[in-house]
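Chains as they are written, first to last, in the working numbering: chain E, 1 to 362; chain C, 1 to 483; chain H, 1 to 313.
Possibly wrong hints are sitting among the right ones.
So, partial list: chain C residues that the calculated Cβ filter (under 8 angstroms) puts toward chain E [said to hold, decoys possible]: (1) Y323; (2) L333; (3) G336; (4) L337; (5) E341; (6) L344; (7) A346; (8) D348; (9) G351; (10) F352; (11) A422.
To be clear, the hints were calculated from the coordinates, so they are not data collected in a lab. Quick reminder that beta carbons are idealized off the backbone N, C-alpha and C, glycines included.
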Amino acid sequence: MRAREALGRVGGLALPVALAFLVALLLLQLAGAPPLEALRLLWTGSFGSAAKVSDTLGAWIPLTLAAAGLVITFAAGLWNIGVEGQIVAGAIAATWVAREVPGPAPVMIVLVLLAGVVGGVLWALLAGVLKTRGRVNEIFGGLGLDFVALGLTIYLIIGPWKRAGIASTSGTDLFRQEAWLPIAGSARFPLLSIVLTAVAVVLVSVLMRGTFFGLRLKAVGRNARSAHLLGIPTERYLLGAFALCGALAGLAGAIQVAGAFHKLVPAVSGGYGFLGILVVLLAGFRAAWIAPISLFFAAVAVGSTQLSLRLDLDSSLGGVLQGVLVLFVLLAGGWRLRRARLARVDAVPGGSTAPDVEAEEA
Amino acid sequence: MSLELRDIRKSFGPVRANDGVSLTVEAGTLHGLLGENGAGKSTLMKVLSGFIGADSGEIVLDGRRLGLSSPRDGIEAGIGMLHQDPLVFLPFTVLDNFLLGARARLDRRAGARALREMCERFGFALDPDAPARNLTVGERQQLEIARLLWLGARVLILDEPTTGISAIQRTKLFEVLRALADEGMIVIFVSHKLEEVEELCARVTVMRRGRAVGEAEMPCPTDRLVEMMFGRVLAEPEPTHTRPGEPVLELERVRLRDQGAELSLSVGRGEVVGLAGLEGSGQRTLLRACAGLLEAPSGRVRVEGRDLTGRPYRAFLAAGVHYLPAGRLEEGLVPGLTVAEHFLLAGDQDGFVIDRDGARRLARAKIADHSIVGTPESVAESLSGGNQQRLLLAMTPPEVRLLLMEHPTRGLDMGSADWVWARLLERRDAGTAIVFASADLDELLRYSDRILVFFAGEVLRVLDARRTTGEELGHLIGGKELV
Amino acid sequence: MEATLATIVASASPLVYAAIGETISEKAGVVNLSLEGTIMLSAMTGFAVSVGSGSVLLGFAAAMLVGMLIAAIVAFAGIGLRLNQIAVGFVLTLLAIELSSFLGDPFVGRQGRGVPSLPIPLLADLPFLGRVLFRHNLSVYGSYVAIVGAYLFLFRTRRGLELQGVGERPEAAFARGIPVNRLRYLYTIAGGALVGIAGAAFSLHVILGWREGLTSNFGWIALAIVIFGGWHPVRVASGAYLFGALRTIAGKLQPVFPGLSQILPLLPFVLMIFALVLVYLRVFRDLADRHPALRPLLSSDPPSALGTSFHRE
Numbered sequence: 001m002r003a004r005e006a007l008g009r010v011g012g013l014a015l016p017v018a019l020a021f022l023v024a025l026l027l028l029q030l031a032g033a034p035p036l037e038a039l040r041l042l043w044t045g046s047f048g049s050a051a052k053v054s055d056t057l058g059a060w061i062p063l064t065l066a067a068a069g070l071v072i073t074f075a076a077g078l079w080n081i082g083v084e085g086q087i088v089a090g091a092i093a094a095t096w097v098a099r100e101v102p103g104p105a106p107v108m109i110v111l112v113l114l115a116g117v118v119g120g121v122l123w124a125l126l127a128g129v130l131k132t133r134g135r136v137n138e139i140f141g142g143l144g145l146d147f148v149a150l151g152l153t154i155y156l157i158i159g160p161w162k163r164a165g166i167a168s169t170s171g172t173d174l175f176r177q178e179a180w181l182p183i184a185g186s187a188r189f190p191l192l193s194i195v196l197t198a199v200a201v202v203l204v205s206v207l208m209r210g211t212f213f214g215l216r217l218k219a220v221g222r223n224a225r226s227a228h229l230l231g232i233p234t235e236r237y238l239l240g241a242f243a244l245c246g247a248l249a250g251l252a253g254a255i256q257v258a259g260a261f262h263k264l265v266p267a268v269s270g271g272y273g274f275l276g277i278l279v280v281l282l283a284g285f286r287a288a289w290i291a292p293i294s295l296f297f298a299a300v301a302v303g304s305t306q307l308s309l310r311l312d313l314d315s316s317l318g319g320v321l322q323g324v325l326v327l328f329v330l331l332a333g334g335w336r337l338r339r340a341r342l343a344r345v346d347a348v349p350g351g352s353t354a355p356d357v358e359a360e361e362a
Numbered sequence: 001m002s003l004e005l006r007d008i009r010k011s012f013g014p015v016r017a018n019d020g021v022s023l024t025v026e027a028g029t030l031h032g033l034l035g036e037n038g039a040g041k042s043t044l045m046k047v048l049s050g051f052i053g054a055d056s057g058e059i060v061l062d063g064r065r066l067g068l069s070s071p072r073d074g075i076e077a078g079i080g081m082l083h084q085d086p087l088v089f090l091p092f093t094v095l096d097n098f099l100l101g102a103r104a105r106l107d108r109r110a111g112a113r114a115l116r117e118m119c120e121r122f123g124f125a126l127d128p129d130a131p132a133r134n135l136t137v138g139e140r141q142q143l144e145i146a147r148l149l150w151l152g153a154r155v156l157i158l159d160e161p162t163t164g165i166s167a168i169q170r171t172k173l174f175e176v177l178r179a180l181a182d183e184g185m186i187v188i189f190v191s192h193k194l195e196e197v198e199e200l201c202a203r204v205t206v207m208r209r210g211r212a213v214g215e216a217e218m219p220c221p222t223d224r225l226v227e228m229m230f231g232r233v234l235a236e237p238e239p240t241h242t243r244p245g246e247p248v249l250e251l252e253r254v255r256l257r258d259q260g261a262e263l264s265l266s267v268g269r270g271e272v273v274g275l276a277g278l279e280g281s282g283q284r285t286l287l288r289a290c291a292g293l294l295e296a297p298s299g300r301v302r303v304e305g306r307d308l309t310g311r312p313y314r315a316f317l318a319a320g321v322h323y324l325p326a327g328r329l330e331e332g333l334v335p336g337l338t339v340a341e342h343f344l345l346a347g348d349q350d351g352f353v354i355d356r357d358g359a360r361r362l363a364r365a366k367i368a369d370h371s372i373v374g375t376p377e378s379v380a381e382s383l384s385g386g387n388q389q390r391l392l393l394a395m396t397p398p399e400v401r402l403l404l405m406e407h408p409t410r411g412l413d414m415g416s417a418d419w420v421w422a423r424l425l426e427r428r429d430a431g432t433a434i435v436f437a438s439a440d441l442d443e444l445l446r447y448s449d450r451i452l453v454f455f456a457g458e459v460l461r462v463l464d465a466r467r468t469t470g471e472e473l474g475h476l477i478g479g480k481e482l483v
Numbered sequence: 001m002e003a004t005l006a007t008i009v010a011s012a013s014p015l016v017y018a019a020i021g022e023t024i025s026e027k028a029g030v031v032n033l034s035l036e037g038t039i040m041l042s043a044m045t046g047f048a049v050s051v052g053s054g055s056v057l058l059g060f061a062a063a064m065l066v067g068m069l070i071a072a073i074v075a076f077a078g079i080g081l082r083l084n085q086i087a088v089g090f091v092l093t094l095l096a097i098e099l100s101s102f103l104g105d106p107f108v109g110r111q112g113r114g115v116p117s118l119p120i121p122l123l124a125d126l127p128f129l130g131r132v133l134f135r136h137n138l139s140v141y142g143s144y145v146a147i148v149g150a151y152l153f154l155f156r157t158r159r160g161l162e163l164q165g166v167g168e169r170p171e172a173a174f175a176r177g178i179p180v181n182r183l184r185y186l187y188t189i190a191g192g193a194l195v196g197i198a199g200a201a202f203s204l205h206v207i208l209g210w211r212e213g214l215t216s217n218f219g220w221i222a223l224a225i226v227i228f229g230g231w232h233p234v235r236v237a238s239g240a241y242l243f244g245a246l247r248t249i250a251g252k253l254q255p256v257f258p259g260l261s262q263i264l265p266l267l268p269f270v271l272m273i274f275a276l277v278l279v280y281l282r283v284f285r286d287l288a289d290r291h292p293a294l295r296p297l298l299s300s301d302p303p304s305a306l307g308t309s310f311h312r313e
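With the rest of the complex left out, here is chain E:
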């Protein structure tokens, strides 16, 4: 059953994917660039050499972590647009530990990553409480907090944490060596990050599909009132979803500063939060599909930098491709549903013709 489902899903993706590539080719034509050359550059730019593969994986890690966290918040029925801010908050917390807390290498790693998790959790809970207590929609609360986090980062970089001598927006001083995530052999990024990411994806998948927590969270996401009547503590579950996503996002932030940049930079979240939302949409909210889709997106993102270097094209073509792909897949899915609706003789939900009139508030 599952294999057939998966196959059907892949088949249904064929048309929108093809269309998306067509659009990309069209745009390339428009920009006056040779399409095949551009595609070749995308490929070599992302997988062409060990260095490039490293870069791609380096992008895959934060993207996948964010997406994994977002699966949880989506299950709870939330649009956690604040995920960008949660990555940043994790990065800030990790940076603080890297700068202020002394210790030997293995201890530092643990502390830095832990700090990232805590930072992300706290930032996410802020958005969560704004929603549950302040009745502020999580889209706008999250956006606001994204701006705050960004502002905070820039303030720290040009203020208290500025580089000795020059206050520059290129970032803080590099961390001390103990706070760098360890690199094994000739790899260009820490193996630890990959392992953490893979574990995270598996855990999220298991959590959502095989546990009561996942089932109850889904109930809260689809109908919070019914969930409450069933005895599920909805506020706790919503905040829990925020916290779990914040944890993963914060971890991503910590990995970015400790493993990739080795310092705090303004663009530390790199748009991975928003991109993560696209990944989850494309994955149909299923944890199992996140890893491969994320890899594709990471490849496109990294590969498209080659385009600006070699073909004088703006690297945003990668972003265009990602956006068009998700858009077409969403539309195709909707189209399929519509065809199914029209083909089927209309069925009233419930079959009965008697109206189920809603009771009013007493």
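Fit chains C and H to the supplied structure of chain E, relying on the hints for placement.
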């Protein structure tokens, strides 16, 4: 003027809501459309008003064939429908509601004048500037009737208009309908209530299971109507009533709202208490206070002797109090989750990991037990109303101390309703106390030991169900004593 | 002082366009979350077309078309396909932003003509008001028209009342013979047109030119202002002007408090939260009850059917 429906057919998937229905109504008559819930009356009327498109069949008004593909066509043909839940825009003013959809340029002063004239003509009292959400159901009906008539309706359809309105409002409504029929309009009165159709209508068409099974000139012996409605003469076994046992629920000087009167009540094991009243008169508040979903401004709530005042909802659940809401999909079930998943959520299992196979087996057993039409993988929204109610009952654990229900049989056909009450009476006999709210006076009178009548947010009277009548109940609901 | 106010009015005009446009769309029940992307892409398109054709008017027209096109996609996805409006809007935001970067690359740093200044003959000589309001250009005057037009349309015409009905309770509107989905398409696209004009107002007047991320954050801000404004055109416009004023003040204070400009994008959200909290306060509810005419101005409830899809069966 005459209206003819010829061989109307409408199906929703496998369900044949209208299976070749034909009907003729003459001007100046109050024509009743009688049938139990699910017989297809609402669907037929929605087809007539253009709200739904028929699969086949014709509608002929005054010899002219009407093409009704949308409500706009219906309105242009002069057909107006008053829906069971009057479709008003709650945040807008009464005046704006009156004017919305009219063809003329927006002129609020002229509109206010027209509204006033309509109100005077029928004796309605509507404040043009009040927000519509402040109106009672009866007043919303009046607003809609005024509006439809102002727009020039010649055919007026009323779908179950007497649910949730007071006896006084009902009397007024009937007066208005008679006056309209006398003026030459066609009035179609759709209801499942025999006595009202008998009281009001000159001719009756009876529907059963999607078909028109008979017509009658009034007056006509009730038994004949019953036979047409149900296909058999009903034997009405009176449910046995037992003496209530130890108190399960005790309300001590509970106020349902600030400055309200205090209510003290004790409900014993095996007792059934019915809550009567217009929508929004306080029944829901009381039920939810007893369930722990809201905290009453003052007073104490005790369940089996334990004081649970102010405790969270989960404490009440743990004490054996279960609440079944009226909105099955809106508040009780989770759309998108399967039957098996519902049982998992309602079950006692703790633990972290889900045993899918075990869940499926459990679901199958419960489905068989409760005659639910569906599989463990069916999603909640695919079940019919009756089956959703069965599912909700199946999800309620067997040894519940206190069962609180809002409108247990609303929208259900007789078969399902009977089944629900059979199960509820089983639980009652096993010692569960039941408190339920209903708009169906018959249901209240039949099953309750005591009835609390609510009006304007408070308990007006406590009645012994065996010693009161439908008439008294109907009057009390509207706040009036029966003189 | 007057000069400052005049600057505020002018610099807020794009935000007014965008927020009013979104108000109309949301009053009909459709959330067009793509504002951030639409404004960016239409700003770029407006500038590009204006530079390419030499006509500022064509630039505005092109920008408007872009706004309408994106809104049409949102409308189709939400109404025709019954997809989640937020999801589609969000994807379109990211897509449009990237598209604007990609297609706008050749136009970065180019010089272009802006909207020519056009003081209104008699009105410009009025004391105070003349200098603040009537010594601008067509783009700014258009924003006035948008505010007044939206207000009159919504609250004084039959079609406007129908529009409100569509977003509030579509089944009831449908039962009254109103073509719900057709109107939703119409008003969403109309709203999108205004959003497109907002983009042009940026790149052809207020900021003049194009670079990557020209209109950054203004789309999100417009969305917050719609909520702050309680979906009422006058209040929404006040929100836009208030934000403009705060921005100007922050600009003046910049030398004193560096980094103040970082907080700026935050403010509309704070304002929005503030407004939401305030409105639930007793004081305002009682005020609304006692003066029914004030009610639309004081309410902050969204149109009840916002974001839902309507189907007749």
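Hints versus structure:
no.: 1; hint: Y323; verdict: 6 angstroms, holds
no.: 2; hint: L333; verdict: 6 angstroms, holds
no.: 3; hint: G336; verdict: 5 angstroms, holds
no.: 4; hint: L337; verdict: 6 angstroms, holds
no.: 5; hint: E341; verdict: 6 angstroms, holds
no.: 6; hint: L344; verdict: 6 angstroms, holds
no.: 7; hint: A346; verdict: 6 angstroms, holds
no.: 8; hint: D348; verdict: 10 angstroms, violated
no.: 9; hint: G351; verdict: 7 angstroms, holds
no.: 10; hint: F352; verdict: 5 angstroms, holds
no.: 11; hint: A422; verdict: 19 angstroms, violated
The structure shown violates the earlier hints numbered 8, 11.
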